[in-house]
Structures are given as C-alpha cells and as structure tokens.
Amino acid sequence: MKLDITSIKPLRGILLGRLVKEDEITPGGIALPDSARYIKHEVTVVSFGESEPKNPWPTGLKAGDKLVINSYGGREIEFNRQAYIFVKHEELAAILT
831 MKLDITSIKP
841 LRGILLGRLV
851 KEDEITPGGI
861 ALPDSARYIK
871 HEVTVVSFGE
881 SEPKNPWPTG
891 LKAGDKLVIN
901 SYGGREIEFN
911 RQAYIFVKHE
921 ELAAILT
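Going by this note's numbering, the first residue of the sequence shown is number 831, and it counts up by one from there.
I should point out that these hints are in silico values taken from the structure, not numbers from a laboratory.
Fair warning: there could be bad hints in the mix.
Derived EDC-like pairs: lysine to aspartate or glutamate, alpha-carbon spacing no greater than 20 angstroms straight-line [said to hold, decoys possible]:
1) Lys832 x Glu908
2) Lys892 x Glu872
3) Lys918 x Glu906
4) Lys884 x Glu921
5) Lys896 x Glu908
6) Lys839 x Glu920
7) Lys918 x Glu882
Derived DEER-like restraints, expressed as beta-carbon distance ranges [claimed, not checked]:
8) Lys839 x Asn885: 13 to 21 angstroms
9) Leu833 x Arg905: 12 to 20 angstroms
10) Ser837 x Tyr902: 22 to 30 angstroms
11) Leu841 x Gly894: 17 to 25 angstroms
A virtual CB, placed ideally from N, CA and C, is assigned to each residue, including glycine.
With the sequences and hints as input, model every part of the structure.
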C-alpha cells in the first residue's frame, strides 16, 4: 500500500496544510536553501477534520484554499520531501483570495 498525503485525515478541529515555498532566488539575487524557502504563515489546505460545534470551519473552506495562520502555531511534519503543518482551528488568521 502506497501512502499518499491525501490519505491522512485530521481529527476534529484540526487542519492539514502544505507550507507554501518562496522562490529560490530573492529579488536581490540571493539564493535560498530549501530549509529557508518555506513561508511559515501561509499554507494550502490539504484536508481537515470535522468542525467543532462551537468553532465551525469558514463557510466554503475546501482543499486547495490558501490560508494565513499564526506564525508560531501548528505542528510541522515532512512527507515525501514536502513540508506540511497540522493547525488547530483557532490558529487560522485569514483566507487568501
């Protein structure tokens, strides 16, 4: 059985997001190593658990949406050389449109 990131189903009130990578070269011409290229506060939704009764997910939230999370929130994991993060509902700050 081959494990895929979409087969991970977060528990109630938790969201799984993929950390967004910055460009390899900054506008000033500085090359960034992989470890420095992730934007810690911007994620793309992969999946999320059921809503908690007192904290429903934003209306229309779906996989692929881009979100801003609190800077020091969540639990980071690496899966197939890609950085992901589990965040709680209260760590969400905004939906990017």
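Against the structure, the hints:
| no. | hint | result |
| --- | --- | --- |
| 1 | Lys832 x Glu908 | 16 angstroms, holds |
| 2 | Lys892 x Glu872 | 15 angstroms, holds |
| 3 | Lys918 x Glu906 | 12 angstroms, holds |
| 4 | Lys884 x Glu921 | 15 angstroms, holds |
| 5 | Lys896 x Glu908 | 19 angstroms, holds |
| 6 | Lys839 x Glu920 | 18 angstroms, holds |
| 7 | Lys918 x Glu882 | 11 angstroms, holds |
| 8 | Lys839 x Asn885: 13 to 21 angstroms | 18 angstroms, holds |
| 9 | Leu833 x Arg905: 12 to 20 angstroms | 18 angstroms, holds |
| 10 | Ser837 x Tyr902: 22 to 30 angstroms | 28 angstroms, holds |
| 11 | Leu841 x Gly894: 17 to 25 angstroms | 21 angstroms, holds |
When the structure is compared with the earlier hints, no violation turns up for any of them.
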